[in-house]
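Protein chains: 2
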Amino acid sequence: MAIRPQRTERRTDALSKERIVGAAIEILDTDGEKALTFRALAAHLETGSGAIYWHVANKDELLAAAADGVIARVLTAIPEEAGPRESIRAVASGAFDAIDAHPWVGTQLTREPWQSAIVQIFEAVGRPLRALGVPEGAQFDAASALVSYLLGLAGQYAAGARLLPRETDRSAFLATVAERWTQLDAARYPFVRRVATQLRDHDDREQFLAGVDLILDGIAAVR
Amino acid sequence: MAIRPQRTERRTDALSKERIVGAAIEILDTDGEKALTFRALAAHLETGSGAIYWHVANKDELLAAAADGVIARVLTAIPEEAGPRESIRAVASGAFDAIDAHPWVGTQLTREPWQSAIVQIFEAVGRPLRALGVPEGAQFDAASALVSYLLGLAGQYAAGARLLPRETDRSAFLATVAERWTQLDAARYPFVRRVATQLRDHDDREQFLAGVDLILDGIAAVR
DNA sequence: ACCTGAACACCGTTCAAGT
DNA sequence: ACCTGAACACCGTTCAAGT
Numbered sequence: 002m003a004i005r006p007q008r009t010e011r012r013t014d015a016l017s018k019e020r021i022v023g024a025a026i027e028i029l030d031t032d033g034e035k036a037l038t039f040r041a042l043a044a045h046l047e048t049g050s051g052a053i054y055w056h057v058a059n060k061d062e063l064l065a066a067a068a069d070g071v072i073a074r075v076l077t078a079i080p081e082e083a084g085p086r087e088s089i090r091a092v093a094s095g096a097f098d099a100i101d102a103h104p105w106v107g108t109q110l111t112r113e114p115w116q117s118a119i120v121q122i123f124e125a126v127g128r129p130l131r132a133l134g135v136p137e138g139a140q141f142d143a144a145s146a147l148v149s150y151l152l153g154l155a156g157q158y159a160a161g162a163r164l165l166p167r168e169t170d171r172s173a174f175l176a177t178v179a180e181r182w183t184q185l186d187a188a189r190y191p192f193v194r195r196v197a198t199q200l201r202d203h204d205d206r207e208q209f210l211a212g213v214d215l216i217l218d219g220i221a222a223v224r
Numbered sequence: 002m003a004i005r006p007q008r009t010e011r012r013t014d015a016l017s018k019e020r021i022v023g024a025a026i027e028i029l030d031t032d033g034e035k036a037l038t039f040r041a042l043a044a045h046l047e048t049g050s051g052a053i054y055w056h057v058a059n060k061d062e063l064l065a066a067a068a069d070g071v072i073a074r075v076l077t078a079i080p081e082e083a084g085p086r087e088s089i090r091a092v093a094s095g096a097f098d099a100i101d102a103h104p105w106v107g108t109q110l111t112r113e114p115w116q117s118a119i120v121q122i123f124e125a126v127g128r129p130l131r132a133l134g135v136p137e138g139a140q141f142d143a144a145s146a147l148v149s150y151l152l153g154l155a156g157q158y159a160a161g162a163r164l165l166p167r168e169t170d171r172s173a174f175l176a177t178v179a180e181r182w183t184q185l186d187a188a189r190y191p192f193v194r195r196v197a198t199q200l201r202d203h204d205d206r207e208q209f210l211a212g213v214d215l216i217l218d219g220i221a222a223v224r
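Respectively, the protein sequence lines represent chains A and B. Numbering-wise, the working numbering comes out as the position in the first sequence, counting from 1, plus 1. Numbering-wise, the working numbering comes out as the position in the second sequence, counting from 1, plus 1.
I should point out that these hints are in silico values taken from the structure, not numbers from a laboratory. Treat each hint with caution, since some may be false.
Pairs involving identical chains hold if they fit within one copy or between any two copies, as the list cannot separate such chains.
[To be verified] Calculated cross-link-like contacts (lysine-lysine; reagent style DSS-like; alpha-carbon spacing at most 30 Å):
1) K18 with K35
2) K35 with K60
3) K60 with K18
Using the sequences plus the hints, can you model the full thing?
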């Protein structure tokens, strides 16, 4: 209702790590992992490719910062008040949704285990373990198992997205793989053939959370 | 004791997919992932880089074939007579050892979930589930969880190896990361700080198998 | 049918030169 | 201090030309 005064548009032309990372995320989201090059990024920011190196050490740092930004946003959105088990499930499903929305995050997370995004996830998954009654000595293994599982699925999911540029949807992709599974040698691959139809019809998110529950059940069993 | 006759060295000069994959594995093992280029491979095989494309579609296929070869060898070495749980543990530790010996396998496995090596692992891990008493409807999720976990760890392990060219050993690397963890903000990272010393002192293989047991316990609990 | 190796179309990164 | 953009040192892949 109020007529806003002509804003004296603050110039944001100056390069900064934030602007660079933001532009990188934009390119990754809209055009995919392969599209992020320093040349494309420089064009997007209307600068020279060398300028980026003034603010960012190299491409690894750029990708790590981009993944860190996405994950940090997801983790801060998780309510703290929930019980420990719900809290861990919330972290896991938050991470899943982030990777679903930004498949390149899945690729990046599996590239450097010591990067900030991983440490954040490790903390968020590990902290509730004490309240869950897991003995001190078992918490490190338990948190590592959860994080490894999450990263494994993240990697597979990202690989799928890397294959499908945009056209095919995931269910068509799964149907193709399932079809291939049914044609495997019956003597060598009885199990794979048997579950091929389940591959075709399953829901990724549900299956991911089923795995988290499996691990949580295992953790509870040890306790 | 017996004096072997002068062997009439069979000429194996002709290129073939096997020879190419064998040479690729050799380069990957001795010089690391980055060293495998078509130029290096061609030099190793004393041919032109274009010749390789007559036998192999592209680099993805080459890497998949290399990983497939390593994994197939590991899986056939596993005794069938063991109980279902021991069988799954044997597959997991076999895969771990293969990735430990050839870290590039870890990278490759996480790149294409539909590749032959993954299907082999999926089969080897899924087949014993029936004998374990897991209901038909739960076997797909259980096998997927085990494979995702394995791939997650494989990726992390490979990333570590990618970082350390050759000099530093893994324990020094873990000590460095652990040291960084102890310097994190106490309010935001209480858990990570608490387990930092465990990171430094833990055994990767033991922790990996602890995770497998955790998942197997979870699977047993559901049953 | 299979091999050769120059050429093409890219990369990430560096660095002298500018402002 | 920060930016420019050509240049460097690579890649994977293609393809005309050979045998």
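Each hint tested on the structure:
1. K18 with K35: Both: 21 Å inside a copy, 28 Å across copies.
2. K35 with K60: Both. Shortest intra-copy (13 Å) and inter-copy (16 Å) distances satisfy the 30 Å Cα cut-off.
3. K60 with K18: within (12 Å within a copy, 34 Å between copies)
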